[in-house]
Structure formats: structure tokens, C-alpha cells
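> Below, each chain spelled out in residue letters.
There are 4 protein chains.
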Amino acid sequence: MEKLIITVALTGNVPTKAMNPHVPMTPEEIARDVRRCADAGAVLFHVHARDDNQRPTLDVRRFKENVRRIKDLAPEVIVQLSTGARAGKDWEARANPVRLLPEMASFTTGSNNLPGIVYENSPQFLEFLAGVFNETGVKPEIEVFETGMINNALYLQRKGLIHPPLHFDFVLGAPGSMPGTVKNLLFLSESIPPGSTWSVAGIGKAEIPLATAAIVMGGHVRVGLEDNLVMPDGSPATNAKLVEKIVRIARETGREIASPDEARRILSLDPARKDLILSNLD
Amino acid sequence: MEKLIITVALTGNVPTKAMNPHVPMTPEEIARDVRRCADAGAVLFHVHARDDNQRPTLDVRRFKENVRRIKDLAPEVIVQLSTGARAGKDWEARANPVRLLPEMASFTTGSNNLPGIVYENSPQFLEFLAGVFNETGVKPEIEVFETGMINNALYLQRKGLIHPPLHFDFVLGAPGSMPGTVKNLLFLSESIPPGSTWSVAGIGKAEIPLATAAIVMGGHVRVGLEDNLVMPDGSPATNAKLVEKIVRIARETGREIASPDEARRILSLDPARKDLILSNLD
Amino acid sequence: MEKLIITVALTGNVPTKAMNPHVPMTPEEIARDVRRCADAGAVLFHVHARDDNQRPTLDVRRFKENVRRIKDLAPEVIVQLSTGARAGKDWEARANPVRLLPEMASFTTGSNNLPGIVYENSPQFLEFLAGVFNETGVKPEIEVFETGMINNALYLQRKGLIHPPLHFDFVLGAPGSMPGTVKNLLFLSESIPPGSTWSVAGIGKAEIPLATAAIVMGGHVRVGLEDNLVMPDGSPATNAKLVEKIVRIARETGREIASPDEARRILSLDPARKDLILSNLD
Amino acid sequence: MEKLIITVALTGNVPTKAMNPHVPMTPEEIARDVRRCADAGAVLFHVHARDDNQRPTLDVRRFKENVRRIKDLAPEVIVQLSTGARAGKDWEARANPVRLLPEMASFTTGSNNLPGIVYENSPQFLEFLAGVFNETGVKPEIEVFETGMINNALYLQRKGLIHPPLHFDFVLGAPGSMPGTVKNLLFLSESIPPGSTWSVAGIGKAEIPLATAAIVMGGHVRVGLEDNLVMPDGSPATNAKLVEKIVRIARETGREIASPDEARRILSLDPARKDLILSNLD
Ligand SMILES: [Zn+2]
Ligand SMILES: [Zn+2]
Ligand SMILES: [Zn+2]
Ligand SMILES: [Zn+2]
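Residue numbers (the numbering used here), protein chains in the order written: chain A, 1 to 282; chain B, 283 to 564; chain C, 565 to 846; chain D, 847 to 1128.
Only chain A is shown next, with the shape it has when bound in the complex (with noise of 0.2 angstroms):
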């Protein structure tokens, strides 16, 4: 079995300090959380951006600003940027953190209803986003909400617009769509091409058992309070003590850790790219 690959989805775009005052929010709790998960065993850093005001914002100043931090704390880690939606609907305002050259940027490949919205990405916009990561280069982070977004993505790629190996990221518990089961989980992994890699971010109460059956189906793991915000036995979580905890697993069950650039590997991207976005950060 490969080596578990950690991604921690830091902040999200719900979540408020209110509701955990663990959530980074700032470039500068963002960074020294990346710091401190990725001491723990974290390689792969799924990014958003807040205003002052801790909304959600596609500034891509705020994306800037984020990424010079955590480069300046973390240099190793991987950096992942979001495109989603509740930040702003303006198709080149979700595409612009591609356009920053950071390793991987997510991409949901789909529509949805999550919690009082429906996630709107039409087929036209999965085109131009596609189109926006293929003139780029960066590595898409396939998010799969429900089944049809996998084949939406290898239309994607039948077009030449996204390439293989794909990397899938299934979000199961979410409410609104695909329940956090691990029938739906190996459902999922079963209907990805072989050569894709896989990780799993369980929503809410979710995140921790399945990324457990992850790790012992041979899948990578993403947790973090942008997708839970509470510890199994009822605790308020933060972003480390969830990268610990799945460590501990892992070592239990004999799974060992990915180090960054053995992620790297595993998800074929291309060493070369690692700090390109450096250059695009003044």
C-alpha cells in the first residue's frame, strides 16, 4: 500500500470563529497552522481566503497573501487552492487562484445542493474552468460530491481539457448529497479509472471514521475544520489534533506517512512546478 498522503482543509468558507475559535482565518493563523500540521505529519494544504471580516472572498490578493506565509512557514507542504463557489459566482474570479501556478487548486466537477444553496457548476463552467487548468498546468483535485462528477471530470479529460492520472477527493456527508458511508466511499473508489489516486473528506461527524477506512483501503486523507469542527469524543477540534489523530491510526494499522515530496510522487506532480507561484505573489 502506498504511503498515506494528509491534506487539512484549513478554513473553508462557513465556518466562523463562533462556531470554533480554532479556524484560521488570518495569512498569519493560516500559516502557523500549516506549520504545525504539517509537523505532525500534514503534507498537502487545501487553501481558502477570508476578508477582514472572515468572509469568505476570491481576492486574489487574500490568496496571495495566504500562500507568502504559508511558503515563508512551510516551504515543503504542497499548496492547493480553492475555486469554490459561496466565495463568489464570477466565473474568472473562481478561476484566478489557478492562474497563481500553485501545485493543485480544487475543482468541483458538478452541481449540488450543500446546506440552503444549491453548489451551481454548469457544464459551461466546468469547460471554462477545465480550460483555465489545461492553458495552466496545475494539477485539478477532482472534489466529487456525487457520482456523476467523476464522469463529468473524464469528459473533461476526454476533451484534452484535464489529464491523467486524476486525483479524486470524494465529499461524503455533506448534507444536501452523497451520505458519509463507507458503502458510498468504496462505491466511489470503485468507479474511478485504475491510475487515479484517492482521498476522502468525511462532513461533520463523517471526517474520522471515514478517513480510517480510508487509510486501510488504500486511499489518502483530507481533514481539517473547513469540513468538521469537532473532535470524536465531543471536543473542539483544530486542524493539528485532527493530523495527529490520523496519524496515530495510520501508525496502528502499519500505514506509513507520506513525506511532501513523496506525495509529490504519488500524485505525479512535477517537482519543477513546486514554487512557480512564488513569482506570482507581489
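Hints are computed from structural coordinates only; laboratory data are not their basis. None of the values given here were measured: they were computed from a predicted structure. All C-beta atoms, glycine included, are put in the ideal place defined by N, C-alpha and C. Everything hinted at is true.
The list that follows gives simulated cross-link-like pairs (lysine to aspartate or glutamate, EDC-like), each with its CA atoms no further than 20 angstroms apart:
1. A:K17 / A:D51
2. A:K241 / D:E1098
3. C:K805 / B:E534
4. A:K89 / B:E402
5. D:K849 / A:D233
6. B:K465 / A:E190
7. B:K465 / D:E1036
8. A:K205 / D:E848
9. D:K1029 / A:E190
10. B:K523 / C:E816
11. C:K635 / C:E592
12. D:K1051 / A:E2
13. B:K465 / C:E754
14. A:K205 / D:E1098
15. C:K769 / B:E284
16. C:K769 / B:E534
17. B:K299 / B:D334
18. C:K747 / D:E1036
19. D:K1029 / C:E754
20. A:K274 / A:E76
21. C:K653 / D:E966
22. D:K935 / C:E684
23. A:K183 / D:E848
24. C:K747 / B:E472
25. A:K71 / A:D282
26. B:K487 / C:E566
27. D:K1029 / A:E2
28. D:K1029 / B:E472
29. D:K1051 / A:E252
30. B:K465 / C:E566
31. B:K487 / C:E816
32. C:K747 / A:E190
33. A:K64 / A:D275
34. C:K567 / B:D515
35. A:K183 / D:E1036
36. B:K285 / C:D797
Derived list of chain D stretches under chain A, where covered just means 3 residues or more per stretch with a C-beta under 8 angstroms from a C-beta of chain A:
37. 1025-1034
38. 1055-1065
39. 1082-1096
Following the hints, put chains B, C and D with the ligands in place on chain A, whose structure we already have.
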């Protein structure tokens, strides 16, 4: 194994006469097609409305006219009106067919991509439409394009808005959503509560293969020109030919065909409500 | 989807004329049934031998006689000899049909319960018989009654005794072993390596439903009186009627039927070995 | 999710001191290991007997001695005696442990291959042993190496010989039988009737990964030196270390551990039968 319920999706919102000249558009054409299909073995009819230019409409007068002619020519069949969004996004307009008190109406419990569009059914709309089903006592057919839609239906059931036993229709093979494979069909059929009933509507080339699988799996079948315009041999389909094919396949495998009243019993439809709609047609 | 290979298990070891008068027993009856079934669309014939009292036998002269008559009447078909144990437990006797150099022979790669018996195929016997397949170059059809038998076959492959691409036949619905459900069929079809081919042999009432499922899943089909004696309508089956039914169902769903040579190509059978057995028949 | 029942298969029939010096052989060693494991969180103990030369035996005096010492040191635990065949094929001898009236006894409901042998449990033997379970009122743990064994158990249930709710133990990863994958575990857990309980016994390297999967799937866990002799880090296992590991993993994921009496309730064991065996030990 229970007897097989054959549903026909006669017209839909997308097909045109140019695509297949046999698509019934006018009330007259629709009713005559119902009669032919009922003679062949179909019992449940999923009905859309078109305007004088063959464009989809939610105009309630059109629905009334369709039903009036159907009830004239085929008084025994079960009428299921569409609440689909291709014909308009207005909540009230989409709910109006339910308020006519047909025996059933369709209800897609979530959002997904379809060719060229996001098929939007927001969490708020779902609660609204479920409320209309609850008030009117009309039985919904839960249209499932993705797994999460099952769970959204169960959420509405837990809120007391829709009531078990639920009837699900798995719509598989539509570009943008869950592909039309036996694996996906089995997976969905295992994801609904015990006591539920289900049918499959395979889109395009998936129509006959998935219908065939459902026949031997104990599910029910929806066919029709809304879903597929071509026979497996490449010739233009008609609604009646599709029904005749399903009946032949069922007979070959030893599955019996349900009469309208047997279908009502299998679907737990109250026979006393069979003709409620007649008082709403003037 | 590949063309459909139809296999007929003509006689088996258990059925008697008292159970169904159409079971072919003598070489003459068997060969005539092959001819009828081949005319109807079958291409692969799974052949057992019976003695003069209709009892199962591993007497190699009987096998020769059966093959001689089959090759007379239907020289184009693929002959697959049985190595089943109902006719005797002697290792050499079970291997002798393989040594006649038919194009194929059956190979059950594990032990399970069948009505009234343990069907014993010990690990030691498996290595012995795999060795005979290896020496003779005969292609085995791996008969799978339980999941572990797939893995036993892969173990023999890793030992270099049998060679990919493997052809599996899933025997489902025999009392004592894995039941005849679409779920089980899908599960097994997902448990074999990419590049393998598979067919299903449903036992008893499962025969036609599982064959139907295989037709739309892209698998192949085995029918015949060895597996089932009754048509879905309750009338006595004949081998030819079963084949005719499969052909009709395949045609209804748009699946084409493979000719003997197309089957040889799908199964990776060397055409040069087609008539090797003829030199061993005296 | 229910609390987790931890079963220990302490000794088995195959392991030797040479393979792992911690395998408990004598009644004294076995009872001390039970005490250690019970202190760590285990509640159900699957007990075999060995003779003075550490060879497996069905000698009922050995079983009595084992139970006497266990009950002395750990009166609270649930004792489950083995009826396995490695120690002898005599039907009566295999049934004798059941007749001692332990709270549970194991019952493999079918035949399969294991390393070097056919594990024979013929249809006739199954009816015989089920009859003994029926007469004695002892609860069987159905040991499932292959899917068909579930259905054989249900057949015995329909004959009125064993009684729901059934408890199944899925033994996965033994060479010759079903491999130790999460897919296989999920498949089996979906193949048992609602209301059943299940645990998994992963063999060899599959032990901890499958136990981990079961923890997050809501199943129960069997570990122990009968099934696996090595910790995931490659060091020699002990029964207590394996239990401690399971308890740590369960705690990490938020799953609570069942006490002996909680386990009795989950398994529908009659508390009044807890010490019936004590009157049969002299
Ligand atoms: Zn995000
Ligand atoms: Zn419709
Ligand atoms: Zn045979
Ligand atoms: Zn044992």
C-alpha cells in the same frame, strides 16, 4: 417477484418532432399514445405539457387538456404529472400540476447537471414542493439522478412532508449525472429503505439494457421518448414499440406484467383517489 | 460491448431422463443437441459423459465418442470437456479429458457444498490439475462457485500454471453455495482481473434471469439442462429452447451473438488448436 | 453505533510456540491470557483445546479444563467453544463442546479450502450440528469463509434448527478462501438479514486493517493469535497487545467498547445461561 409496473415518459421537455416524428405533443397525440401503450401493457404515464409551438410549458390549462383526453381514451391508467424545471423555474408554476390532484407527480429531490444546464432544485424549493405533496396527498415519484437525492427524500420524510412507502425512479445515463450502468442501478436500489419501490429510467442507449436489468432484479421500468428516441436496432422509437419490447423481455424471463390496479396496490396508491383529478379539469 | 458467447451445458452429471426426457445422454443425442443449439446461436459446448446406464462416468472412451459425434455434426463449435468430480474422485481420471486436447476444459478452483455432497477440490488437486492444463496448453474455464475460487485461480496463475487472460464462469444459485442474485453476479464480475472474460451459469430458476443480466452487463452466458430443467413458464426445457430464448433476449437488447470464430477471438483461443483433439479420438 | 464487541481467538489449531512463543496452549496459559485480554477490553473468547504435545484435540476433558480455569480467572467473560475440524472429523467429537453448554460455540456452515486441506462441513454434518445447537440452546457464531455459508445458515434457520437473530463472523484472508478486503467485508455485511450482528476475523496481515474497517462500519471485531501472529510493525503479536490496539483504534474513532453484559445484550444472549457450563465441568 412482484409483477412489473411499466411507466411511459411520453413526451418530456426536450425532444422535438424533428428529432423523432413519433413524439406526442398535442393532447390528442398524447392521449392516443397512452391508449396504444396501455394496450401493450403500460399502466403509469409520466405526462408533460407542450404549447402550440411544441415548447415545454407549465401552463396548467395544457396539463388539464392532456389529462382530459387521456382519461377519455384510457380511464384505467395512472397519471403522473411532471413538476420538472425545464418548462419554467417559478415555484408555484412547478407546483400547480400537483394541485390538480393526479394520482402521482414527479419530484426531483436535489440538483445536478444536465446537458447545458444546472437542474436546480434547491433545499428551499424541496421543502416547498414537499409541502404541496403533503397538503394535497398526491404521491410523489422521487426522481433520483444522484445518490444524495435519496437522502434528501428521506430528510423530507423525517420532516413529515412526504410519507413512506416511497417510490423512487432512478434516472441513469443523462450526460452530467450518474452513468447508466448495472453497477450504479444496483447501488441505488440498495440505498433506499426496505419497503420502498423503485423503477429505472435509462437515458438514451441505457434505456433498454437498464430496463432489462430491472426486470430481473425485481424493480420496475420506465421507458419512453422523453428518455430515448432510438430502438436498439437503430430505428426510430415509438412509445408503444418501447413498451412492447419491455413486455416481450419480461415474458421471456418469466416476469408478469402488472395491471393498473395491481400497480396501484404495489405503489400503495389509494384507489379512492383514482379520479380526483376529474373535478379539477374544467 | 463484445458479441455474446453462448455456452451450453448439455447433460451434466445429475439430471436423468426421468427428470426431463430431453436431457441428451448418448453420444448420438448429445451431438444432435449440439447441432440444434449451434443452429440456434450457441458456440461453446460443455460436455460430460454418461455410461450405458446414464450414470456419470470419467471413462475416456465415452468422452472420445461424444466428441467424435459432435465434431461430425458440428465441426465448427468449441468443445469444452468437464473435469467435474461427481463422476469420480480419481485425480488422473479427472485429468484425462484435458489430455484429449479439447479446445477448453472446465476447472473448479476450490471446494464448496452442493446438494448432498462436499464438492472437493483440494489445494493439492488444484496444483495437480493446473499442471495438466499447463502441460497440455488446454484453456481452462474457471468454474467459480464462491469468491475464493477466483483467488485460487490467480494463485495458480502466479505460480505459472495457468495463463491470462483467464475465462471465468460464475455458477450461482446451486444450493449450498453462492445464491443466484444480480448483486452476487456483479460482485464476482468485479472481483476478476481486467482483461478477463466471464460468463454466468445460473442454476435452476436463476438461469434465465442471471443470463439476462449478463447480456446487458457485457458478460457471456451459459445455459443448458445441466443447470436447469424448466423454462420460465414452467414447461420442460430443452437445450435448444434455452439457447433460442437467450438469442431472443440478446436481440431485444441489441447485443449481437458471437460466431464460433468470434468466440475464439474473444476467449483468446488459438485457432490452430481447434482440431487437435481429432488425433486423440481413436 | 452500538458499542464494540471484542472477541479473542486465543489459540486456534495451527499456531505453535515455535511460530510465536506467546500462543497460549495450556489451560493455565489460556486462562491468564483471557484475564489479560479482558482487562484490556475483550469480552468474548473463542477457545480451542490442545493436548500435552500442543496438538489440537477435541478431547472434552481438555475443553472442560480450559473453561474451568477461564471461569476462575475471568468469570465475567463470554466463552465460545470451537467446533472446528482441524482437531478431528468425528461428528460427535465436534459436537461435544456444544453439549458442555457454553454461552456460544462456533459453527462453520459450509466447506472451503484452507492451506493444505479441504475444510469439510458437508450438508449432512451441518444439519447434524445445527440439531445439537437447537437441542442445547447454545448460540452459534456462524463462521463465514464464503458467501454461500450465509445462505446455508439461513437454510438451517428456515428448517427451525438455528434461531434469529444470528451472529456471523466473517473470516477473510485465509489462503484458499475469500480474500481480506474491505470490499469483501462490506459485501458480506450486506448479505446477512437485518437484525443480525457480525464481526470480522481478518487472517494474517488482514487482521488489523479489517478490524479497523469493522470499527467504523458498525461491526464487531475478532483478533487473536489463531488468526494472526504478527503486529503491523512486524514484531511478534500477543493476544493482549492485539486487543489493546483495537481498543486504541476504537477510541480514536469514537467507538465505545462493550462490557461483557453489554455484549450479551447486543448478541441476544440469555443472561440466565451465563454459567450453565459450570455444572458440566467435573
Ligand atoms: Zn474548500
Ligand atoms: Zn419528465
Ligand atoms: Zn459440468
Ligand atoms: Zn477457531
